[in-house]
Each structure stands twice: as structure tokens, then as C-alpha cells.
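J.: Chain order of the listed sequences is R and G.
To convert, note that position 69 of the first sequence is 69 in the UniProt record's numbering; the numbers rise steadily by one, no gaps.
To convert, note that position 654 of the second sequence is 654 in the UniProt record's numbering; the numbers rise steadily by one, no gaps.
In case anyone wonders, no lab produced these hints; they're calculated from the structure.
Note that CB positions come from ideal geometry on N, CA and C, so glycine has one too.
Heads up, none of these hints are tricks.
Listed next, the stretches of chain R that the computed footprint assigns to chain G, with coverage defined by at least 3 CB atoms under 8 angstroms from CB atoms of chain G: (1) 41-47; (2) 59-72; (3) 105-111; (4) 242-255.
A few chain G residues that face chain R, going by a derived Cβ cut-off under 8 angstroms, partial list only: (5) 108; (6) 286; (7) 328.
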Amino acid sequence: MIGGLFIYNHKGEVLISRVYRDDIGRNAVDAFRVNVIHARQQVRSPVTNIARTSFFHVKRSNIWLAAVTKQNVNAAMVFEFLYKMCDVMAAYFGKISEENIKNNFVLIYERLDEILDFGYPQNSETGALKTFITQQGIKSQHQTKEEQSQITSQVTGQIGWRREGIKYRRNELFLDVLESVNLLMSPQGQVLSAHVSGRVVMKSYLSGMPECKFGMNDKIVIEKQGKGTADETSKSGKQSIAIDDCTFHQCVRLSKFDSERSISFIPPDGEFELMRYRTTKDIILPFRVIPLVREVGRTKLEVKVVIKSNFKPSLLAQKIEVRIPTPLNTSGVQVICMKGKAKYKASENAIVWKIKRMAGMKESQISAEIELLPTNDKKKWARPPISMNFEVPFAPSGLKVRYLKVFEPKLNYSDHDVIKWVRYIGRSGIYETRC
Amino acid sequence: MTDSKYFTTTKKGEIFELKAELNSDKKEKKKEAVKKVIASMTVGKDVSALFPDVVNCMQTDNLELKKLVYLYLMNYAKSQPDMAIMAVNTFVKDCEDPNPLIRALAVRTMGCIRVDKITEYLCEPLRKCLKDEDPYVRKTAAVCVAKLHDINAQLVEDQGFLDTLKDLISDSNPMVVANAVAALSEIAESHPSSNLLDLNPQSINKLLTALNECTEWGQIFILDCLANYTPKDDREAQSICERVTPRLSHANSAVVLSAVKVLMKFMEMLSKDLDYYGTLLKKLAPPLVTLLSAEPELQYVALRNINLIVQKRPEILKHEMKVFFVKYNDPIYVKLEKLDIMIRLASQANIAQVLAELKEYATEVDVDFVRKAVRAIGRCAIKVEQSAERCVSTLLDLIQTKVNYVVQEAIVVIKDIFRKYPNKYESVIATLCENLDSLDEPEARAAMIWIVGEYAERIDNADELLESFLEGFHDESTQVQLQLLTAIVKLFLKKPTETQELVQQVLSLATQDSDNPDLRDRGYIYWRLLSTDPVAAKEVVLAEKPLISEETDLIEPTLLDELICYIGTLASVYHKPPSAFVEGGRGVVHKTLPPRTASNESTESPETAPAGAPPGEQPDVIPAQGDLLGDLLNLDLGPPVSGPPLATSSVQMGAVDLLGGGLDSLIGGTNFVAPPTAAVPANLGAPIGSGLSDLFDLTSGVGTLSGSYVAPKAVWLPAMKAKGLEISGTFTRQVGSISMDLQLTNKALQVMTDFAIQFNRNSFGLAPAAPLQVHAPLSPNQTVEISLPLSTVGSVMKMEPLNNLQVAVKNNIDVFYFSTLYPLHILFVEDGKMDRQMFLATWKDIPNENEAQFQIRDCPLNAEAVSSKLQSSNIFTVARRNVEGQDMLYQSLKLTNGIWVLAELRIQPGNPSCTLSLKCRAPEVSQHVYQAYETILKN
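Pulled out of the complex, with its shape left as it was, chain R reads as follows (with noise of 0.2 angstroms):
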């Protein structure tokens, strides 16, 4: 199991060291400085061996988290473990920074003694932790016996995310559904491969402990409920989508999930990503990138890029910036937009293209020329591909929640009192195209 953890700057200073186990001493902290943070070549790995000590390390912003161990630990929990112990903090005092860790050295460590013991992960539910741990220090003084055993059992309990005897006056539920679509396209305009991975997000405000349904237009539950009533479906049009593969939160009950393919579960109060999902089939990708570009003897490159929308005309699509990349010895470039702005960025190689907004079934092109000093460097421009940024306020999986039904049993309110929103947001993932 993880024998210590160890928080760095970039310097190599060490902020936080908490050792769980006897086999890690001090000197592990200085081997992962000197053969990681100040190695002379970059370290190629994110898992290290150093004379036979193990050093997991993930690196935010410009602060080192590594994790270390002696044993043939599943490494794959210790990065899950590392990720969450990254958003615990964040949850506590966002943004993962020295100065930030610093300010919280000792609530860092009241938070390492609880979610990790004898290095076994515990209970990381950042809601549950914030009912015994706050940055005012523990509350339990002033704590009644039923507070403190309502704390243990829910931390330890089935529903270690919730508590018992939330109250809201409106009940309310938000669900964003949020996308980004990833693109990989030869120059010919033939696409090499793509995908969807989404998210839905759940933020709810609900009273008790309610139980809920979460419906969408998945192929296998439309096509199951499609045997009894065919016309149905056929006559709503509704189209479906093949999901390749979906993830859950924990909360929801995934013996569930396998047997019916229904998505039921109790939600943890406020904010939470109720699944991930992935689709690589009939994916409606919101912009084709055409690039053309031509060397013009060795001092030249003449460039066209034509992006064209494709989606609804009523649609609007946001924030579109299209990168051109441009050779390491370019001195000089002339660029003539239709729509937008484009500039030519030296310390980025590349040209810059922002259009604030952009109908769907448009389209709009972008000339440059390039000037380039002669070298005498023979590696040939690697030409990196064109890559694209935008949101789109639709799903280009084609993905629809269908219903979220709320039930509470206990309490007096139904599925019609509580108020839903749902919205979809469409964002680029890696959407490249190579010229």
C-alpha cells in the first residue's frame, strides 16, 4: 500500500511529507527530488523506480504530488487516490498552489491522517468530509452524541455521500449535459477517427432522500421498450444514439445499470458528475476544417483554411478559434480573414483565428502568407495539425435526457413539484485537422 506522500514545489522544497509506513524513510523524500523534480532529462514516466521504492507523482500546475510505496501496490488506485486527494484540496481551498498548501499545512494534514490510513484509501466523498473536517478546524466540541454518530455512520455508511435531513424550500434540479468532441481528420477530409466523450452533470437542490430515475435516448433502452410499442417510437421519430461505454458515480447502483440498463440512484446534495459517457458512432461534427497549404520555393508557404458549420442555421456557435501552426524559422506573415480576427502569434508559431460567433450551415475562410528566413537545417517542418476550439449549444453525440424523475417517499413533495433544467452544451475536444 502507499507507504508516504510527499507535496513539492517547483523547487524541489518540500511542503508536505506525511509517512504511513516504516519502510519509507526520509531519504525518499530527497531520491524522488533529485531523480524526478531535478532529474537532467525530463522524466519520461509517471511511475519511477528508484532502488526499489516506487514514486507515483502527478503534477498541478507547478506543485509535484508523489506518492511512494515498497510494495506491488494497484497502481492504478494510487493515481484514482492522488486525482482525489487533488480535488479534496481544491474543494477545500481551490486553486492548487504553494502558497494556497501552505495557508492550509495543517488542515492538508488532518485531511491525509483521515482519507488515507496505514496508506488504505478512505472515505474521499469531499461532502462528507466537510461535515467533520472545516477550515476552522474540527467542529466536534460542541458536537451532541447523535451529531457525532450520525457523522460516523454516514462517513462509513451505504450512502457515505449524503446526509439524512436535507431541506430545501424549492426543490430544484439542474442537468448540464456537457460534451466535447474529439476529431482527428486527414487533409483529404477523411476522418481518421473520432469520438464523443460526454459528461452529465447533476447539480441538486432536493429535500430528504430522494430516489431518482435518469432516462436518455440510449439505442439498447429505446430498442427494448420499441418491441412492446413500435409505433410509438416510429411515430415521436425519435432518434437514438449507441452508447459505447458509460461510467457512473458511485452513487448510482450499477447491478442496476447491468441487469435492466436503468439509471437509478440517490444524489449527493449540490454538484456532482452523475456519469461519463462515450459514443464514436453518428457523431454530427460541428465544423470541417479544408486547409490547403503550398510551399512557394524555400523562402514561402502560402495558406488557406476554409471552415464551414454544420449544424442547424438557427444554431449560434461561440468562442471559435481556429490555430494555423506556422515553421519555427517564419519571419513574417501577411493574413487576410473574412470573418474575425486573425493574428499571427511568434512566441506560439502559429496564427491565431477568433470568430465570436458563427450560424450553422456557414462558412468562412482564412488566406495567409508566410515568410521564411533559408535555413540550412535539414528536419523538414513537422507541420502539426490545425487545431479548433468552439462551443456549440447542442450534443453532437445527439444525446437527449429523456426524463429524470424524482421520488421521495417520505416527504411530501412529488416529481411534479420539483423544477428541472436541463442544457447541453457542445465543446471541442482535440479537433485537429492535419495539412
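Got chain R sorted already, so can you dock chain G onto it with the hints?
T.: Coordinates of chain G only, in the frame set by chain R:
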């Protein structure tokens, strides 16, 4: 609140100041001071001098302060054990606190203080906490048992904590169950033999129920524990798999990977024809792909594991090639791993896409990645024949880029392509030669020189090219020097007239001016070859080379199986067994995949199951002979010989002692071939004993023949039973022909004539290839030696034991019957060497339950000796590896009837016994092959 100020106190006399503050009356000041102490401790300053002052602050009802003091205690208690005792009282008191959080904190911290005296005081509070009414305290106490065990294992056992811990597996609270499982698993790891985690269907059921209810971390502990269980049959395996599969949709990647581990392991037990097997395979792909959308560090762990899974079960991800395409922004470690998997998944169906990708990668920036991409193109060419041409032209394009390292890497792989497809792509040689000057890495230079030497006859200026390398001969690395030497000799043999001078130059450079023994030796060998027999030299140097295999870096099958049992853990990331990186005895238990067991079969423990024939059948060996030999054997042999063959041989040895001292050395080696009949006359008494001794004297010369091992002759038919005819014999195999060497002795008073021999149908169709020819009549007391050639085309009937041969011999007096056991190695044919690739594929292909394992004791040979010894009996070493100091020999042999037997021989230096694992489609031969091994190795 800004605690950062505590980090900045660097004044001198700081400790003194802190001491004063710690002893202050004001609570706030005290707290501040403790914080400063912790901050100093964190940055590595030694604040142990403050021990008593900090411990004094422990008696507080401020939980935050208490926690900080505990933190300090955990760090320094070991260096100040006597002082640490001061804290005990507070701990014991805290364990009785009404607040469960404080009770838990006390027991948690106490377990972390590794001072013997404290552990004594810990026992009572811990016992109470394990039965605490509050689950939070119980789950903390469960882990504390593991802590205590780490400090003092004996104490934990004596106090009976292990039983209490086992009871917690049935606790009503899922988190308590999970922590108890984690603690027990860890304790069990340091006691591999103990049956601590007594996993049975009932307890497994409890774990599976808790699995649905506990936290993500608890699920990981439980799944990792489940993976150590071996279900009793395929039905149980399936039902566990069914309950584990929902975990594949968990958001925590570690839960998913641990579930994959359980499924991959238990799948071994399922029959491939089962519908469920197919369903399971389909269910595994999507979650594995999803892991690739996790954060990069986890992607790396996932990819290392997928690399194993793809080797074990390529069918799972064969359609998922695209997800392994490299993204421009992937970290380099992810890129390199993806590339590896792409090559493994490359097939005729997707090769076009793969090649297009690889070509893109070859123009990237990172040198390592580009090199690997170029190498990957070469591997595609070798793996998918149809793509070879396209690969070669891609490589040529890359060479045109003139990027130095790309060119060098391309030349190295083109050499391999030439090896795989000789005489196909020579047209590119001209292009390669153009780049000669830019090569500065030894591997690339060596590859280029090899190409020039190999195709010297087609390169007009080969001599000039090679000569140019020769100028700086002594500055080259050994690899290049050796290659250059060979290439010039090749050139000379191909174009002797123009290159005499060159070859002399290189030979003198290699032999006279070099102090590298390898180079010198090779130089001398060539020199002598060329000067004594140029024709032979040609045959040796220009010999046709064996084709290279497709996949070069497959993980060896037994290691792969072991790593599959470690999916998700560090071992699977390093691709090494835990013993390679874990110190001490912990976690070094060798794990293996379970054998397939159908529910209707009897359940045997995995250790005994593969050990060849069930033990119960062993004693049959002798009675079966007895049937033919008549009652004599049963009557006179006395107690029936039972037990495995080793026991049989010891009986023989005992009998031999009766024959007198001089014979011991002779007979010492006959422990297998000589059937127990040898013992019969001995038991009968002295008169025949003397005759026997003559007989053994005669045979003494036989065993030293080259070729297969030949056992000394043994008496097959005693004179008593055959009216005066005594037959002894042995089997030999030489240059592909089997013969039965017989020695007939006439112990009767009359002349014997008209000999004839016949075999009963037997397992391998052995039959006399010629009549038994005894030229002259055999007069009394005369002995004749005959070699009877045998063929293997006779009629076949499976015998029991397999190598039993029933023989009838006729002469003018009567017909006599006897039976004998032939050593299996006479059936090992000369072309029994499998190529490596084939071997790997076959090894994988043969189901695991066909594997049998044996120990060969008292065989103090090293790997070379073993290998050459076995080779002379047609057991061929296909590959050899050294794993952690052990030599692993992979061997193949083929029987006359076409049955292949694959073997893995593990030899430990210094340990006289070695382990033999045999895999064969006809597992019944394994036992006999093992005996053959033993016979050969011990003689």
C-alpha cells in the same frame, strides 16, 4: 488564516523559543507553537529535542491540537521510545472517549507508533475497539490490526486478533468489511502458507454482497482479494464473473482494472464454446477503451495493462485499433505505449491505416518516439507480409527526408526486412548506399555493413564502401568491427579476385592489432577457414540464414500468465514479477492462472492436477507386465512394487546390491530403462547371479555410443521362463533409425535354431523392420548379439502403460512372450526443432490443463550441458532466457507419430533439481517424456 508564516521561521535559537511557547499557558500560543514545530518537521528540520514539551500538549480537548501532537508523535516516537511511554495514558483514556471520532483517532495513531512498549498497551484498547458499537471505530481498528502485525506478528496471533478480524468480514457495515479484507489480505501475504483468508463459496458470497455497497476504495480491496480466489469449477467462476461485470461501469479506473483482473483470471476456467465466454469478451472491450479517456497517468497504467491483455487475449481489442492512434498532445509516455499496442494489433485488415499513422508519427519532434515509429514500420513489414512492399517504400520516403536519426533507424529495420524476405527488395540498396556517410550510430553502421556484405555481388563498389569503413577500424565499436570483418570475408568469397588485399588487411587488423578476444577469435577462425578449405568457408560464411520471427518482444508465456494475475498493480506497469522489485518475502508469492476445471470433473487441487497420470494408476505398471509373464512375477517378486517410477528404481537398486559390489557402478544408471524384471532373478538366488554378472560385463561398452542415450542392456526374458533362452536388450536411436539391440544367450543344453520375433500392436506402431536373423544355430552357453532395426509403421493400439511393448520370440523349442518398456526418447525425431514463433504460438494455443510439471532431482548440470545433452537425444532448445538468475530453456521435440511436445526447463544455478513443464496436445505422453528427460540427464 494564513499558516504559511510557520514556514518562514529560520532564526537561530528557534528551538529554544519554541520550547518556551510550547510551555506557555495560553492555549492559542501553544497551538501556534505546535504548528511551527510541524512545519519545521515537514521541511526536514530535526525538532526531536522538543519531544517532552510537545507531548505535554497532548492532554487537550482541542481535537485539532491533538491531531497535530499525534502527528509529531508518529514521527519521533521511534527515536525517543522512553518518552513515548508518557503518551500511553492519554491514548488509553482517549480510547474510552464518548466521541467515536476521538476513539478512532486514538487507536489509529497508537498503531502508528512503532515502539514495543507501547504495543503492549495497545492490545486491550484495540480489542475493545474491534467490537465497538460505532462502525467508524471498527473500520479503523481493523486496519490497526494490520499495523500491529507489521510491528509484532506474534503478538497479533497470540492475542487472537486474527480471528476477530475474520469475524469482521461478516460485519453489517460495508466499509468495515472492506477494511477487514484489506488488512487480512496484507497479513496473509506475509504468511503465504497460512489459510488466513479462508476463501470459500460462503465468504465469497459475503464479499460480493459487500462489493455493491461499499466505497470505491473498498470495492478495490474486495476485488483484489477476490482475484486471489480459485473457484472450484467453471460454474462458480461464471457466477462470480456475472456479479463482478457491473463494476466495469464504475467511474473509478482502479475499480474497473481490478474487475478486469478478476474477469481475465476466471475466464481461464470457462470453456470457449460457452455463450457466456463470448459475451464476456465483448463486455471487456468498451471499459478498456474508456480508460484511455482518463488522465494521462492513469492512461499510462491502463496502456501497460492493455499491452498484457492484448498479448493474452488479442481477440478482445482486435477491432479497436483506432483508439490507440496517438494524439499530438499526448504525453510522451502515453505515445510510446500506444505505439507498442498498435503494432501488436496490426493485421492485414487494418494495416493501411496503421501505416498511414506511423508515417505521420515519423515526422514528429520527439526523437525517441520517431525512432520507435520508424522501427514500428519495419515490424509491420515483417508481421504482415502483404504490407511489406508498402512499408519498404514508406521507409525509403523517410530516408529521403535525410533526418539523421530517421535514416539510421530506417536502415536498421530494412536490414531486418532483408532477413525476412531475402532477395526481394534489393533494388533499394542503391538508395541506402547514398546515406552511408550520415550514419554515426554503431547499430546503423553495423546494419549497413551487413547489407553491403550480404549483397556484395550486386553492389559494384562494395569493396570501396567497405574499405572506407576500414580506415577507422579501431575507432569503431565491437559490433561494427565484427560485422565489418564478416562482411569483408563474405565479399572475398563472392569476388575473390579483386578483394584479396582487403581481406588480408581486415584479418590482420582483427587478429594482430586488436585486443578484443571475440574479434580476434573470429578473425582467426576466418583466416584458418580461408587458408585450409575455401569451399568449407563458403559453406559456413555464406550459409543460408534462418528466417527471423515476426514478433520479437512478446512476454514469455509463464511470466505473462503471472502478470495477468497482477493487473492494475505495479507489477503490470513494470512488466516484471513483484519479486523483481519488492524487498523481502512480501508479495513474492508466485501467482498462476487457474486451470480449467469443468464442473462434472472431480476437483483436484491445482498442484496435483497437472502432474501427469493420476497417482492411483502408477502401480499398474508392474501387474500389466505380470499378465504376460505369467504367475511367476506375482509369486516371486514378493510385495508388489507400488508408487511412482522413482520408487520402482529404488527397488531395483536394492536388488542389484545382492549381485555384489563390482556391479553397482554399472547398474547405477539403469534406473529407468531396465524394467523390474531385472530384479526377478536376483530374488531367486545366487545361481543365476553369476550368469548375470557376465551379462553386465558384456554390456558395459554399449552406453557410450554417440547419438541418443542408450541404456545398458537389461534382462527381458530370464532363462528360467524360456526354457533356457535368456534375452536381454535395450533400445537405441541413431541417425533417424530405431533399433532393438538384443543379446540372446542359450542356457539350455540343446542347440537353438529357427529364431523369429514378432511384436504385439503398440502405442506408436513399433514393428521389426527386418526379420530376426541369427545366422548360426546357438549352441549351449553361447551368446549372440543382434541389432534388430525397427520401424514405426506397424499397427497402433494404445497400451497401458503407453510405452509398453509386448514381444513374442520363437525358436525351435517353443514360443515365449515377454513385455518391456521402451524409453520414449527413441521416438524423438531429428526434425523436432520448432521455430521460436511457432513455439510461442503453440505454447499459447495448448490449453493450460494440458500442462504437466515435474521435478528432476539431483541433476547438477548447467544450462549448456543440459541443452547439449538433450540435443543429442533430439530434444531441441528453441530459446533460452535468464530470468532472475534462473535459466529457462524452451525446448521442443517431436515423436515419430507427429506429436509435438513443448517443454520449459527451469534450472537454478546451485540447486541440483530443475523444474520441467511439459505442454502437449496429448497429455498422456508427458509422464513418459519426463522419464526420458530424467534418463537422459542422469546419464
